[in-house]
Structure formats: C-alpha cells, structure tokens
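Asks: Protein chains in written order, with numbering that gives the first Met the number 0: chain A, 0 to 303; chain B, 0 to 303; chain C, 0 to 303; chain D, 0 to 303.
Because the hints were derived from the structure by calculation, they are not lab data.
Cβ coordinates follow ideal geometry from the N, Cα and C atoms, glycine included.
Among the hints, a few may not be true.
If you want the ones that stay clear, here's a sample from chain B, every Cβ over 12 Å from chain D, calculated [to be verified]:
#  : residue
1  : S1
2  : T16
3  : F19
4  : E65
5  : Q90
6  : E113
7  : V115
8  : H140
9  : S169
10 : D179
11 : G196
12 : G227
13 : A230
14 : R241
15 : S247
16 : E279
Dumping the calculated EDC-like pairs for lysine to aspartate or glutamate here, alpha-carbon to alpha-carbon at most 20 Å [to be verified]:
#  : chain 1 : residue 1 : chain 2 : residue 2
17 : C       : K250      : D       : E116
18 : D       : K250      : D       : E279
19 : C       : K250      : C       : E279
20 : C       : K250      : A       : E290
21 : A       : K250      : A       : E290
22 : A       : K142      : A       : E116
23 : B       : K250      : D       : E113
24 : C       : K142      : C       : E116
25 : B       : K142      : B       : E116
26 : A       : K250      : C       : E279
27 : D       : K250      : D       : D228
28 : D       : K250      : B       : E113
29 : D       : K250      : D       : D303
30 : D       : K250      : C       : E113
31 : B       : K250      : B       : E279
32 : D       : K142      : D       : E116
33 : A       : K250      : B       : E146
34 : C       : K250      : D       : E113
35 : B       : K250      : A       : E116
36 : A       : K250      : B       : E113
37 : B       : K250      : D       : E146
38 : D       : K250      : C       : E116
39 : C       : K250      : A       : E113
40 : A       : K250      : C       : E146
Protein chains: 4
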Amino acid sequence: MSLRGVVPPVVTPLLPTGEFDRESFDRNVNRMLDAGVHGLFVMGSSGEVAYSTDRRRDEVTRAAVEVAAGRVPVLVGAIDMQTARVVEQAQRAQDLGADAIVITAPFYGLGGPEQVERHFRVVAEAVDAPLYAYDLPVSVHTKLQPEMLVRLGVDGVLAGVKDSSGDDVSFRRLVLANRDAGSPLSLLTGHEVVVDGAYLSGADGAVPGLGNVDPHGFVRQWEAYRAGDWAAVQAEQDRLSRLMDITSVVKGVSGFGAGVGAFKTALQLLGVFTSNQMPEPVPSLTGANVEAIANVLRAEGLLD
Amino acid sequence: MSLRGVVPPVVTPLLPTGEFDRESFDRNVNRMLDAGVHGLFVMGSSGEVAYSTDRRRDEVTRAAVEVAAGRVPVLVGAIDMQTARVVEQAQRAQDLGADAIVITAPFYGLGGPEQVERHFRVVAEAVDAPLYAYDLPVSVHTKLQPEMLVRLGVDGVLAGVKDSSGDDVSFRRLVLANRDAGSPLSLLTGHEVVVDGAYLSGADGAVPGLGNVDPHGFVRQWEAYRAGDWAAVQAEQDRLSRLMDITSVVKGVSGFGAGVGAFKTALQLLGVFTSNQMPEPVPSLTGANVEAIANVLRAEGLLD
Amino acid sequence: MSLRGVVPPVVTPLLPTGEFDRESFDRNVNRMLDAGVHGLFVMGSSGEVAYSTDRRRDEVTRAAVEVAAGRVPVLVGAIDMQTARVVEQAQRAQDLGADAIVITAPFYGLGGPEQVERHFRVVAEAVDAPLYAYDLPVSVHTKLQPEMLVRLGVDGVLAGVKDSSGDDVSFRRLVLANRDAGSPLSLLTGHEVVVDGAYLSGADGAVPGLGNVDPHGFVRQWEAYRAGDWAAVQAEQDRLSRLMDITSVVKGVSGFGAGVGAFKTALQLLGVFTSNQMPEPVPSLTGANVEAIANVLRAEGLLD
Amino acid sequence: MSLRGVVPPVVTPLLPTGEFDRESFDRNVNRMLDAGVHGLFVMGSSGEVAYSTDRRRDEVTRAAVEVAAGRVPVLVGAIDMQTARVVEQAQRAQDLGADAIVITAPFYGLGGPEQVERHFRVVAEAVDAPLYAYDLPVSVHTKLQPEMLVRLGVDGVLAGVKDSSGDDVSFRRLVLANRDAGSPLSLLTGHEVVVDGAYLSGADGAVPGLGNVDPHGFVRQWEAYRAGDWAAVQAEQDRLSRLMDITSVVKGVSGFGAGVGAFKTALQLLGVFTSNQMPEPVPSLTGANVEAIANVLRAEGLLD
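Chain A on its own, in the form it takes in the complex (with noise of 0.2 Å):
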C-alpha cells in the first residue's frame, strides 16, 4: 500500500452525553469520501485517541471501516505509551479491519534512539498491516531521525510517515534521504498551514485536520499539485490558511480544546455535527468563541 493524497485525520463527534454520535460521524466521514479524499485516518490525537478509552476506540475504529466500506483505506492510531501496549492496541485495530495502523515512538518513559527504532520493530513483527510512524514530538517528546525512518522503510518495517513534528527542515531532509533508497516511505504532512510547501519539498500527501472541515479545499489542491499548477495549490493554501483562523480565534481554552474544539464547532455550524461535545476533562466551545468560529466561516465563505 503506497499512500497518496488527502489523508484526514477523522474528528470524532459526541453527543452531548459524552457518547459516540454515530449519526455525525457517518455524516462527516461520507461528506468527506463524496469530496474525493484519499484515505481516513481515524484515532489519531485529532481523533481523540488519548481521550478515548479501549472500549470507544474500537467503536470508532468499526465505524470507520463500515462506514468507508473498501471505499478507501483506514488508518487506525494504535497510540500508547510503550511497546507492549502499543502492540495490543495494534493487534486490536488490525482484528477489526484497519487497513494500516499508525504508531508514535514510545512516551512517558525515558529512552534513547536505539529503543525508539526497536520499538517499531517489535510493533512490526506483531501486526500484519503496513505500519506508519507518526512524528508528534509535540506530544511523544522525541523527534524521529530522518535516517532511522528511511533505514525502517527500506527494511520493510515501515510503510510511511505522518510528519506532525513542525519541522520543514527535517522534513525536506526526510524526502531527499527517502527519494535516494527508493522511496520505501510514503510521506504525509501532518501541517495543514503549509501543505504546499510541503508538496514543494516532495510530500506525497497531507493529513490536514481542517479536511475535516474543507475537504473540497485540500482534494482542489492535491490536484493543482498533480497537474503543477503551483498558482493554485498556493491560492488554494492561503484560503485554507486564513480558514484556520477559526482555531486561533479561540480565547480561553488552548491546545486540543482550541484545535479539535474549533474543528467540532465549525463542524456543528456547517450542520454535520449534532454538538460540539468535547471529552473531559476539556471544555466544549461557548458563546463568544462560538460566534469566532462562525465569523472566520462566514469570512472565507463557508457559512451564510
């Protein structure tokens, strides 16, 4: 499986409950795949894997593989803190249909780099599915080397990388150092902001959370690319760019309440989603940072 093109980490909807809403995610997942994306992502931090227990992982997983039906594939996040966790959560989204699984490097306890390459090797040999990294060291707190991941692809361990790091420098070296093994790799960028640059430096994708919102957006770009009309993947960028104004415009909350809180919300104003329902211990979106969110969309044209 070489993956190519627009890759969206799939929010996941509540209910006001706190209860998967099924419904949304269907809606969401559906509006996505009619606008042409390439592949869905789900359990991944946009995903709320870190706040979604075992049982609800499994939910989401199971929807995601029915609901894309063979449509495309489903990358499952098999996101914990270290191998032998990691492992079973692998082994269960494999079981239950992923089409890939994507893992961090180990986190919570300390290491060196020698045990971060072993880890996706022990991962590797215990699941069947191709395996992607996912570079976050926003939150894993280790950056992966761009020569241990080339070395892992031509060995056959991995399959890709979700490049989440904010590192363009390293990225660019990532592809130059891929491109010269044969590109065993195949390399999305994880910065919705910058996706055009990134197609610059040779990414074979994107994984934008604000797809979620603007999926027409990143496909019209990922094929301005395709064609190389760089005018066009650039204007098409700037739009979406100023489009993700709806998570800076949050005042009060940071970080995943102001990220996933903005794309839920928009997604709640745009009608796909039944509520913006955040997971504790993160607050939902109200009042003035709602009004926000609606005005970035009126601006750009989203909403009425």
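Chain A is already provided as a structure; the job is to place chains B, C and D on it using the hints.
Replies: Just chains B, C and D, lined up with the frame of chain A:
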C-alpha cells in the same frame, strides 16, 4: 488515610521469557516489609507501568494486595493518557483491592492548568479510594502547582502528593502552603538522593526506588528523622546517595533502562530477583554494566 | 528600505592566529556580490557575533561597509543580552555605516511578551537605521509572535524580520497577517533548506548561511521565483539542500561548530578562505571531517 | 581563597532616572556587612548584569570594592555570551579589584560539553583571580555536570561553584564527588528557599538574593548550621521561605521583574533603597504589587 514514612515504588521482576516473576516479587516485597517500610507503591514509573499491559498491571496489583495482606497500605498507579482512560485504570485497581490510587496530570493531549485540575476532580469522583497526585514532569511534561494541589487537598479530592518533580523550591512552597491549610495532604518525596533535605523541608515520607535495594537504610533514616537525629539522617543519606551510583555507572543505556535496570540488576546480584530482565523495548543490562553495579554494591558493603 | 532577495549572513574568516582575516572576508563578499546577492548581513549568528568582542564586531562591520561600498545594503547584527547593551551595540553599528540593524528578543534575563515588545520599541527609538527582528528561539529561547511583529511593523518600529525559528506554520501566519496590514514588514527566511517553501508562503527573501558557499544557486533560485518558475525553484532547492549535507556529515562536533565550521571548511576548500579557523572555545574541523565535506562538494560539482 | 558562608548577590539600585544609585548601594552593602555576611557577589543575575552596559558594570564593581574595603571578598560576575567576550569582562573586573570572578557556561551559540569545559579553561588562563562557575540553566540553557566541575576543581581551574540550577539531586552528587576529590571546590547554593537542605547536603555556603532584604536571618542560619543546631537552621529557613513570598505575590510581571522587582521594592519599603526603579525593558512595581509586598514584610515582622 494519612500516609507517613517509607513507601518504596515496587520494581516489577520479569522472567527471562518476559512473564511476571511472582516468586521474586514476593521475595522483594517481604524483604521490604521485614525491613519495616510503611507502605508499597506498585505500578509506578519504577514499577514499569508504562511497559505493562492492563493484564500485567492487574496481575501485579493482585500480587501486591495478596502479599501485603493488610500489613501496610498498597498504593497503585493508574497511569494513562487522559481522564476517561485514567478512570478505568483507577477503578480496576480499586476493584483489585488498592488502598489508594496514584495518578499523574493528563499527558499526550495538550491543555492548560484548568484541565489538569478538572482531571483530578473527575477521577476522584469516580473512585472511593484516596487519590494521590504524582508530580513527574520528566514523563508527563506538566509541573503540578502547589496552590492547586493544596486546593485539591482542602476540597477532599487529593489525599497526598508524590513529588518526583526534582524541584525542591516548589516542594518547600508546597509544604508551607499545606501546613497553612491544616495539612490536608500527605507529602512524599520521590528523590532518594535528597530525602534528608525533603525531611528538613517537612516531608511526610519518601518513595525511594532505591528502597527496593536497601530498604533497611531508608527505614533507619526515617526513624532517625522521627527522633530528631539530623546527623544520623544525613549520614544515612550520604551512604544511600553513594549507593545510588549503581544507576550512574551504567554505560550505553539511559533513562528507565539505566535506573530500573540497575535496581533489577542489584536485586539479582543480592539474590532477591531471579533475573534482571527488562520489558520491550528496553535492553537488559549485561557484562561490564553488571560488573560495575556489583562493584558499587561491594564498595557500600551490600555484597561480598 | 524594503529589502527583497538573497541576503547571506556573512561568515567571518579568521587567521590561524585567531585574528580577523580581512583578505578572505573581502574575497568572500566580492564573490557573493558578483553572484548578484541583494544584501549582506554581518555579525549574525553565522558571522560568529557571540564569539566576537566589540572590537572584532566593529572591525567586521567596518570591513563590510567598505567592501560593499554602497552596492547593496549592509545589515549588522547588534546582538546582546538586554536593552541597554543592545542599544549600545546598535548605535556603534549605525555609526560605522550599517544600513540596517538586526536584533533579537532579549535573553538571559527572564521576562514576558510585554518586555519583548518594549525592548524592540526602546531600541528603535535609540537608532535611526531601520530595525529588523531576528527570530532565533534556538539561541534566544523566545519565539516572536506574528501578531506582535506585525503591530511593530505597522507602528514603524520594525522594517522586517529574519525568521530562523524553524516554525513554518508561524511563518505562514506572519506572512498572511503582514499582507492584511499592508505589508509593512520585509519577511526573510533563515532556513536555507526550505527556501522554496518560504517563497511559496510569500517570503520576501532569504538569509541563507549556505549562500556563502553557493551564492549563485540562491540567486538563480530567486530569479526563478520572480519569474514564477516553480519547477526551477524546487530543483535548485533540492540541489542546495543536498549541498547542505556539508553540515550533517560532520562527526564529533555539533551546533555552531558543525554548521559554521562546515561553511568555513568548504570556503577554504573552494579557495575563498585562507583558513577554516574557529573562535574559542570551538574546535576547527580537521581530518575526516574536512574530507567528508570535500566529498559533498565534489558530489554536487563544486569541487573537482 | 576557600569561600564559606553567606555571600549575597548584591542588588543594583537605580535612581528614577535610570542612573546607578550609589548612596543606596552603599547603604545596602553596609547593612549586609554589619549583619555579618561573609562575601559579596556583584553583577550576578540579581545584580542585573544582563541589563547593565560595560560602563555600568564597571561602576558597580568599583563601588563594591570601595565600600567592602577588604572587609569581605568581592566576587564579580563576568557574564557574556562566549569565551572572548567573557575574557574581556573578567579582565576588566579583575583590574577593578575583584577578589574572584564568576562566569557561566557559554550561551547563545550552540556547542557540546567539551566546549563548555574548554571555555572555563581558557577564561581561567586569562585571569589570575579565582574563578567560580555559575550554574544557571534557566538563563544559560546548559546544566553544568558534577564530574566536569570537580575535574576543573582538581585541575585548579575553578575555585568554586554557585549552584542556581534548581537540581538538588545533581547538587548532592556534586558535593559527594567534590569531597572524594579532596574538596577543591567551594560549593554555594543560590536557592534561598532551601538553604537548609543544601547545608544538610554539605554546601559551603549560600548566595541568597533574599539576603539583601534579610541578611541577619541568613547569617543566623549559617551560625546555627556551624553549631549543628538543625532545628534552628530549619526554623530560620521556614521563616525566610515565607518572606520569599514577596516575589510570588507579584501579579502581572514575571521572572526577573517579579523577583528582583520584589527585592528592590522591599528594600525601598525598608528605607534602604531610594527607589525601586527597574532597568529597561522591565517595568517597576507599583500600586497593588507594592502593597502586597508590604503586607508580606509586615506579616514577617520586618515592617510595622
């Protein structure tokens, strides 16, 4: 439950197959109880909670409750990423007989101090057992603020704090603020190298990983502290601090693998553990590292 | 002065005695001017400002002004800890003929964002020359916020920004906010490996340390950008990014010693510098490191 | 010179015009000498070295040497970015009569531990006065390793260490390693809130910023320590730690502005300083902050 005294974080022995070594576990716990420790903390960072599946966590909790048999309270770490997952870990530990539950700030997902406080409140509502906050910024990347901790103590949310923050200035402020509030919190230090200073600051006890290796030393130190014999408290600390060199003589492995790896190796050399097996992806110590640890044990008179 | 184009941070050559090597300096500057660069930035981080006494700083500034002789503007780094010291550095540079002054956020002493903003305002009042903000959190440990920078641009405090923050998401937000405000700031990227992405984001130019080694490449890339030929911009970048391997092949030395050490060594191999001497306490590169750098230069066709 | 005892980092008073307030300076120094302090450390972080031009630094050094008049040794901070600049600062301080020079690891430019060690060796060769290492990672972003410090002590490069690292575990290791090497280093703690613990660890003295406000307390504590009266050492510390609340009651200003701002304000309230003027870009404390500081002074009996 107002916990006072020496409460070692119990190291989890493994067989060379990676399975839990119940015999070595019982031997180690009984040796510590015979030495006079005042509590046991299982499934802490030193107890390799991050490397343990839920099944393994339950196995160790059950074993601790059985072997302690009510002689001292058993605290159990319910360590996971965010609130919903922590609640599940905490409830399982409580159902297995834990006398108290130990949890960290949420991690992986990003939020602010309000979410940290709400996290503790939500977990406390979900369990009956007393709740301890575990301040471990090196793993969790959040420092717990003294003001918040004391507020949660006054409100009956927290029964105590295990401070492994490495911030003795903050710990002193915590002690003073707790005293001003009527001492709702039991305050334990996790730094075995400076327990004497923590006692001088007003700590109620210690959670020393090195207490697995030399429980008698920490119990003698506690008794000297209770007797006001500061010269003895200090002299015992100097000896214990030198013994802690078992962790710093390790070469080529860092973090958990060096620290807990040294504890396991020392316990094997002392005949308490059958093996110094480490969990994936951490290498077990061998060769020159084992010899260097043995030399420290000999220099401090623990080994012939 | 609205600066646009390629503005290399000029490396400071030393004689083996540690004295400033004026001949090599002139050779390097003239080579860059002949290649068509649009400005010179002396006494930046790559110009070893931190390692240079005030006398040395003045010597280099004077030399730059002399050899540039008005052909392009000369920007001078006035890098020091806090406001009063920076004002002195800035005034001396201005007196020596600097066309613009480049300063960072204050460092060493700790304060908040209001103090950072006031710092820029106080320095701007003390000099007549245009002021550029240098965003370099890896050295300064403060990230300059886009909103503040644009506000300082609108207020006439800042003429531009050299962004070496490694944060392409923030840079994109800065570009968009600057454009919305009427483009008061000239925005230059300091990351030579992803200049193409910065141009796509809307950068006004680049400050590439590698521009000392291959100024023609960066000028060609700029011209392709002006012509809208993105394929050429990208192809040139891929070549330059590979050339940047001169810094990553260095073993046993890290940071400034590897980066600027590699630039100096390459310039010596190319016959531009007489010596690759580094300032105390940094070791000069020798032996296998020199050979590895030569191999990269050969692979990219810069050396026979 | 083997320094022992209480060596306050002398705060630098300013007139409302920003000029050095020599009268207040002399009053403060004489008050501390009358209280029995054992040394003075001028141009440290609390002495606003980062905010002081070279002319100001010299002015303060000269004043300290004059007013001390040989009664106690005067240590002078020679704080600058890298070796060549530090050598100049150190030589100037020495020429003005400093009894010892205090320097940090190099900062702003990035290097490894070998460069840190070489930095200390090169500076030591350039001055005759005893050299003290200042471990201040919060400003310098490098932690000095105990092994290196003791090695530099044995080699006669360093006479001592002022430890403001906030890492009491590392400090304990430093004390033990220094003792094993024959105690070449004088080891002073910079954390006024836990001086008792540092004495228990084996510190040779303290460099408490709060010693400007209450020198008598720190001298009494030192004498109790020399007499082995740990109950008195601890009781004095609890009192001093509460007095340190003058820095934590400050709202709206953080870091240097809160800490040294509170010291200056307290000294003004006590009639020692004429003004609590802060250097640019730091705001001076006013209104409610001054009142809150006065309340702490009253609560601890220093103000009526």
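Asks: K250 of chain A and E279 of chain C were given as a pair; does the straight-line alpha-carbon distance stay at or below 20 Å?
Replies: Violated, because 47 Å separates the two Cα atoms, which is more than 20 Å.
Asks: Under the criterion that the straight-line Cα-Cα distance not exceed 20 Å, is the pair K250 of chain C, E116 of chain D satisfied?
Replies: OK: K250 of chain C and E116 of chain D at ~19 Å, within 20 Å.
Asks: Measure nothing beyond the straight line between the CA atoms of K142 of chain A and E116 of chain A; if it is 20 Å or shorter, mark the hint as holding.
Replies: holds (12 Å)
Asks: Just want to verify: D179 of chain B was marked as not at the interface with chain D; is every Cβ pair farther apart than 12 Å?
Replies: The assertion about D179 of chain B is violated, with a minimum of 9 Å to chain D.
Asks: Would you say T16 of chain B is clear of chain D, with no C-beta pair closer than or equal to 12 Å?
Replies: T16 of chain B clear of chain D: closest Cβ-Cβ about 35 Å, beyond 12 Å.
Asks: Does H140 of chain B sit more than 12 Å from chain D, CB to CB?
Replies: Nearest chain D Cβ is 17 Å from H140 of chain B, so the label holds.
Asks: Is it correct that the beta-carbon of S169 of chain B has no partner in chain D closer than or equal to 12 Å?
Replies: Nearest chain D Cβ is 9 Å from S169 of chain B, so the label is violated.
Asks: Starting from K250 of chain A, check that the Cα of E146 of chain B is at most 20 Å away, please.
Replies: The hint is violated at about 24 Å.
Asks: Please work out if K142 of chain D and E116 of chain D have their alpha carbons no farther apart than 20 Å.
Replies: OK: K142 of chain D and E116 of chain D at ~12 Å, within 20 Å.
Asks: Given the hinted pair K250 of chain C and E290 of chain A, is their Cα-Cα distance within 20 Å?
Replies: violated (54 Å)
Asks: If you draw a straight line from the CA of K250 of chain A to the CA of E146 of chain C, is it 20 Å or shorter?
Replies: holds (15 Å)
Asks: Against the 20 Å threshold, does the CA-CA distance of K250 of chain D and E279 of chain D hold or violate the hint?
Replies: holds (19 Å)
In terms of the numbered hints stated before, the structure departs from hints 9, 10, 11, 12, 13, 14, 15, 20, 26, 27, 29 and 33, listed from lowest to highest.
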